[in-house]
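Q: Sequence order for the protein chains is R and E. Per my numbering, the first sequence starts with residue 71, numbered consecutively. Per my numbering, the second sequence starts with residue 291, numbered consecutively.
Hints in this document: simulated from the structure, not taken from any laboratory. Check the hints yourself; a few may be wrong.
A few chain R residues that don't get close to chain E, going by computed Cβ distances all over 10 Å [stated by the list, open to error]:
#1 D204
#2 D230
#3 M300
#4 L328
#5 D334
#6 I340
#7 P387
#8 I396
#9 S408
#10 V417
Which residues of chain E face chain R? A few of them, derived with a C-beta cut under 7 Å, are [stated by the list, open to error]:
#11 T313
#12 Y320
#13 L321
#14 M324
#15 A332
#16 D340
#17 H347
#18 L350
#19 L401
#20 Y403
#21 L405
#22 E406
#23 Y408
The structure presented is a predicted model; accordingly, all values stated were derived computationally and were not measured. Ideal placement from N, C-alpha and C gives every residue a C-beta, glycine not left out.
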Amino acid sequence: MRLQFLFPVVFILFANTVISSDSEFKMETLAEGLDHAWGIAVVSDNEILVTEGVGRLRRIVDGQLDPVPIKGIPPVFLYPDDLTQGGLCDVALHPRYNENQLIYLSFGEADKDDPSLNAMTVIRGRLEGHNLVDVQQIFKAEPPRKTAAHYGARILFLGDGTMLITSGDGFNYRDQAQTLDNHVGKIVRLNDDGSIPDDNPFVGIKDALPDIWSFGHRNPTGMALGNDGMTIFEHEHGPQGGDELNIVNIGKNYGWPLITYGLDYSGSLITPFTEREGLEQPIKYWVPSIAPSALAIYQGDMFPDWKDNLFITAMVPGDLRRLTMINDKVVGEEIMLSELGRLRNVVNSTDGSLLVATDGPDGKIIRLYKN
Amino acid sequence: MLKKFTIFIAIVILVMTLFSVQTTSSYMLYLYQMGMPVDLKAFFLAAWTDLIGMNFHGLLPPIALVIFVVLGVAFLVAHLILKRISVEKKYFYAFAGASGMFTLVTLFPALTYDLEMYRGALTLLGKGYLTATGALGGYIFGLNLPRQS
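Produce the complete structure using the sequences and hints provided.
A: Here you go:
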């Protein structure tokens with residue numbers, strides 16, 4: 071009888087504490103009611119920016135979601151009843167944000183000449199209070215496409231001040247991922263103002279776009295810089311199976327759709343080949359698919375056992391993957407937070423905690439922390 | 291009735307096989323053009339894998355079921371119309387089969403936000419071929435129907 075009385079007390083005490091195989095952590099919800107949260111940028115100890123697929127940029131200040139969205143965001147292209155892809159995607163801070171207040175946003179944008187077409191676009195603007203001002207387009211994926219899928223749209227600043235932007239294959243246009251005259255299935259590298267760095271691998275190459283950094287990608291939605299400041303980790307959605315984690319190197323071909331570990335959605339073979347000379351292999355792949363949505367490499371001190379681990383949010387069936395690495399090889403994988411459903415993003419916070427975004431029309435920002 | 295159903299099932303298998311082979315061909319042709327080592331053995335192995343895969347390993351409904359429904363509806367409508375008008379059956383069923391397959395390859399992307407789930411139907415040529423498989427299936431179906439029907 072006494073034990074029965076104690077049970078609810080014990081439940082309340084430990085309900086919010088989760089034990090990973092290496093570390094115990096707690097969870098708290100920082101914000102909820104976000105309509106398809108996608109990108110997260112940690113501005114400071116007490117301020118976070120979050121994008122919503124519907125085209126809103128929101129602020130979370132001191133753990134409270136600001137009810138007033140940032141004004142000045144250009145209209146985004148999305149199908150009226152499908153927000154699983156496209157819309158407003160990533161948000162990234164300029165490396166010297168504290169001096170210039172510049173932020174970068176990626177999104178699907180309707181083509182100005184033909185509204186039935188759209189393209190993944192990146193803009194930058196200066197954040198002034200609740201307004202985004204001095205907005206300028208710095209990248210537009212060419213050619214525009216008809217489909218509203220596979221945008222990529224992840225933005226990552228490198229140590230040299232240049233930025234990488236992922237551009238997906240648009241689903242129907244996969245063959246173009248192997249040719250260099252377009253942005254389909256590419257990662258591009260730009261200077262912070264959108265100009266093209268002279269040392270890009272295809273500068274001066276005939277019939278190749280000079281902003282391309284690597285190619286042969288499908289839908290790369292996650293990218294992070296290793297704690298060594300050099301290694302670029304990227305993951306991409308495979309078709310049915312064949313999601314990949316890659317280390318992206320300059321000028322390399324990552325093989326899509328010539329090689330893959332996945333099948334087409336119809337069940338047919340996209341290719342019977344899984345490897346070929348000159349085509350890069352993933353350092354890990356998932357069959358069946360986990361639908362990886364974002365990638366962070368743990369940098370903080372709050373969880374010493376997680377240092378340098380890769381954290382990947384997955385949307386199928388919905389969980390957080392913690393990958394342990396030794397010499398750029400994945401040696402362990404732990405599945406966490408499988409009770410939260412589809413997860414859209416994971417980022418490091420300034421205090422060493424991790425921030426995770428859940429997907430859907432009532433998305434949340436959840437903080438993983440230790441006392 | 292049993293004979294008619296047996297002919298119909300044979301037509302479904304024929305059209306499904308042509309559909310699947312065209313899917314394989316569209317992939318293999320691209321891979322060949324890109325310099326991948328595609329030979330006859332690889333092609334036939336992929337064709338067999340696709341035939342099985344499109345029925346048992348896809349996220350979409352099995353292709354045999356899809357074609358069964360598409361041609362079933364098309365032939366049923368044709369059967370009802372043929373009770374009222376006098377047209378040569380083989381041509382009318384060919385038209386019905388073509389219409390059914392044309393509807394499939396054009397309507398499906400409209401239901402999936404323009405995503406072309408059947409790779410073989412990506413191009414106009416592919417859509418034309420798949421429409422022709424429906425016409426062929428309908429023609430053979432009409433040709434083999436018992437006279438009294």
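Q: Hint by hint, say whether it matches the structure.
A: Taking the hints in turn, this is what the structure says about them:
1. D204: 34 Å, holds
2. D230: 33 Å, holds
3. M300: 31 Å, holds
4. L328: 6 Å, violated
5. D334: Check fails; 6 Å does not lie beyond 10 Å.
6. I340: 6 Å, violated
7. P387: 15 Å, holds
8. I396: 33 Å, holds
9. S408: 22 Å, holds
10. V417: Given a closest Cβ separation of 29 Å, the condition holds.
11. T313: 5 Å, holds
12. Y320: It holds, given that the least Cβ distance between Y320 of chain E and chain R is near 6 Å, below 7 Å.
13. L321: 6 Å, holds
14. M324: 6 Å, holds
15. A332: Where the cut-off is 7 Å and the nearest Cβ of chain R is about 6 Å from A332 of chain E, the hint holds.
16. D340: With Cβ-Cβ at 4 Å, under 7 Å, it holds.
17. H347: 4 Å, holds
18. L350: It holds, given that the least Cβ distance between L350 of chain E and chain R is near 5 Å, below 7 Å.
19. L401: L401 of chain E check fails; min Cβ-Cβ to chain R is 12 Å, beyond 7 Å.
20. Y403: Since the shortest Cβ distance to chain R is 6 Å, the answer is holds.
21. L405: 5 Å, holds
22. E406: Since chain R brings a Cβ to about 5 Å from E406 of chain E, closer than 7 Å, the hint holds.
23. Y408: 6 Å, holds
In summary, the structure is inconsistent with hints 4, 5, 6 and 19 from the numbered list given earlier, while agreeing with the others.
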